[in-house]
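So the sequences go chain by chain: C, H and S. Counting in this note's numbering, the first sequence runs from 432 upward without gaps. Counting in this note's numbering, the second sequence runs from 144 upward without gaps. Counting in this note's numbering, the third sequence runs from 21 upward without gaps.
If you are wondering where the hints come from, they were derived from the structure by calculation, not from laboratory data. C-beta: ideal position from N, C-alpha, C; glycine also. Careful: at least some of the hints might be erroneous.
What the simulated footprint calls covered on chain S by chain H, stretch by stretch (three residues with Cβ under 8 Å from a Cβ of chain H suffice, anywhere in the stretch; the number is not a length) [what the hints assert, rightly or not]:
hint	stretch
1	36–49
2	103–117
3	207–216
Below, a list of computed lysine-lysine pairs in the BS3-like style, where the Cα atoms sit at most 27 Å apart [stated by the list, open to error]:
hint	chain 1	residue 1	chain 2	residue 2
4	H	Lys-196	C	Lys-450
5	H	Lys-352	C	Lys-607
6	H	Lys-375	H	Lys-389
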Amino acid sequence: MNLDFSFFTADVFSSFVLKGLLFSVSLTLVAIIGGIAIGTVIAMMRLSKKWYLQKPAIIYIDTFRSIPLVMVILWFYLLIPILIGKPIGVQLSAFITFTVFQAAYFAEIVRAGVGSVASGQMNAGYALGLTYAQSMRYIILPQAFRNMLPVFMTQSIVLFQDTSLVYAIGAYDLLKGFEVAGKNFNRPTETYLIAAVLYFVICFTVSRLALRVQKRIQIIR
Amino acid sequence: MKVFAVILVSLLMLNVAFAAESKTLKKIKDSGVITMGVRESSGALSYTLGNNKYVGYHVEICEKVLATIQKNLGLKKLEIKYVPVTSQNRMPLIQNGTIDIECGSTTNNIARAKDVSFAVTTFVEEIRIAVKASSGITDIAGLNKKTIATTTGTTTVQTLRKNKKATGLEFKELYGKDHSDAFLLLESGRADAFIMDGTILAGNIARAKNPADFKIVGDVLSVEPIAIMLPKDDAEFKKAVDEPIKAMMKSGEIAKLWDKWFLKPIPPTNTKVNMPANENTKAAWATPNEKPMEEYTVKN
Amino acid sequence: MLDILKSFEIFLQDTGGGETYLQWLLQAWGWTLAVSFAAWIVAIIVGVTVGVLRTLPNRYIAFIGNTWTEIFRNIPLLVQIFIWYHVVPSLFLSLKDLPSFALVFVGLGLFTSARIAEQVKAGIESLSKGQLQASLALGLTRTQAYRFVLLPQAFRIIVPPLTSESMSIIKNSSVAYAVSISELTMFAMQAGEETAKNIQMFLATTILYAVSALAVNEISKLIERRMQFKTSRVGAK
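Using the sequences and the accompanying hints, generate a full structural model.
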């Protein structure tokens, strides 16, 4: 079998792939921002000593961490319309699913991040007359987030790769863009290879960036 | 003037009659809006051109039906809201009233008829076998010890299972995640046959690099009446939908619609599905009915 | 309430092929576990090997190990599976007859091996450099030093991350349905369509996934406890 990549012109890229790339990137960004926001709240609940805050957080985290993302995508797409009484598009459904799902993973990262800050800092906060919430807000979390930055970035790479799973509900993501192009030009072999290269370039760049950030943080610490 | 009043009164009475009996018609009349469930890619039956524009054989039939309903209800304007549904959520959405009418590719069978209602059958799909023209396979018996591709999430998988049991043939199944994936299995030689709805096979062959490499062979494995899906227990609404469809069948308009979507080039790529209406479909047009799948028999 | 319970009777219905949906569900679970287990073996063997190679002083070997990890880590699993399924057999025709089961577990195993290699490398590097030097000074060869000194300690450190990778394998095995393995996710989609009872089918599938992941978690906890017990006894001597 000889490979022929000549069909893959800039025009093919912009008319098939670009739309999917934009969707995958925006899905990743929305899920990171939303996931970190919800994830932080859940991590705080998880760290709380009150059972009625802690228990729901544990259930939330454990549930989403033990179900495959594909199943969660299918569930949300089935249930949201039945619950709210009107269908939502595949794209909106994906945004909601990814945010809620990622929140469970980010919650665990935030929890580990808080644990990475020396416990003496919390006591120091109390000694200064700050409440628990204030110490968290002004002393612990800012440092925790700085320590977590590389892990956030690594998790974002996983997240970006996972956007390819929206094929289960037929959303048009980066991989779908390549697939459609491959089918239209009857060059599936070549398009899968190009897809692999593009994913690699994007993810590898971000992972190198994460490494640099990590080194800088180690210097600060 | 007197004639006018009579017409007005009778129209009003008609409306009252509708309003009293049909929840759906009342909703349409009160809001001036109807929500139509459509599919994103169900062959030439119902598919999207992008930008929230939906077309296809069933979509066009529905639009014509709704135009008649609008006239009968005396509405100046009837706004059609198009809502894409999937095979997973179309039933719940019609049951909870999110969509008023589904114009996709739903098979009328007994299990579904418990929860929803169907308009008269507008098309009878036949499950067929596509093979490579060079393979020498001519019927299902030729598939013994061969590999067969089909698509996950379709009733064909079940049909295949039943056939396997009934005929005692031995074959291996491969499942594509969508129709074009399953066709790729046939094209790449991983599978010896692709078994699916005849229209889908014809459409995929028409789009192939070299359509002459493939052909549809053998008997019909199963037939499935496809119909427009409606809410259950709303006889008045069903009548309002059925009447214009029956009129189209009688006048031959429906045959013209068939030609438009299945024999002539269609957007967006301007390729032809190239599938003449089969005998079962023509029979359904000649004597409109809502027989479920179970009442059709296949000659083997 | 009774209606809800009754709706699960669907599992006792015949699929048309001479078995019930319940039997099919259990078979699908078997496929999920089989793919996961086979992939796990590949992932552990390859992952540990590559992880160790990456800590060796030879720059070329370390480079190969690093490249391996970066390639398998930075391409989505689904793309990798498609490449194993559609691309590799079209380049090497002899692989065409390989069953998709083999392609999937190798693909999933290699994908996970990159993550395990990363954990193993980090585990070994977290030990102080003195350990290796002390072992070499005692006259152990480098192989012996890894076998008897470094790896046993590294493994204790990496059991928790290995647990989460093992749980991930079960979850990630759901991509196998894209290449025609009748595992749980395919069952959910197919049986849901056939019976028009998506919620019941999804629920059963989800519970089986959760049970599997939970079982892995419990087994790992057991292993973790055992390992800790052993060390504390050694330390007490």
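Open item on the list: Checking each numbered hint in turn, tell me which of them this model violates, lowest number first.
Closed with: No hint contradicted; all consistent.
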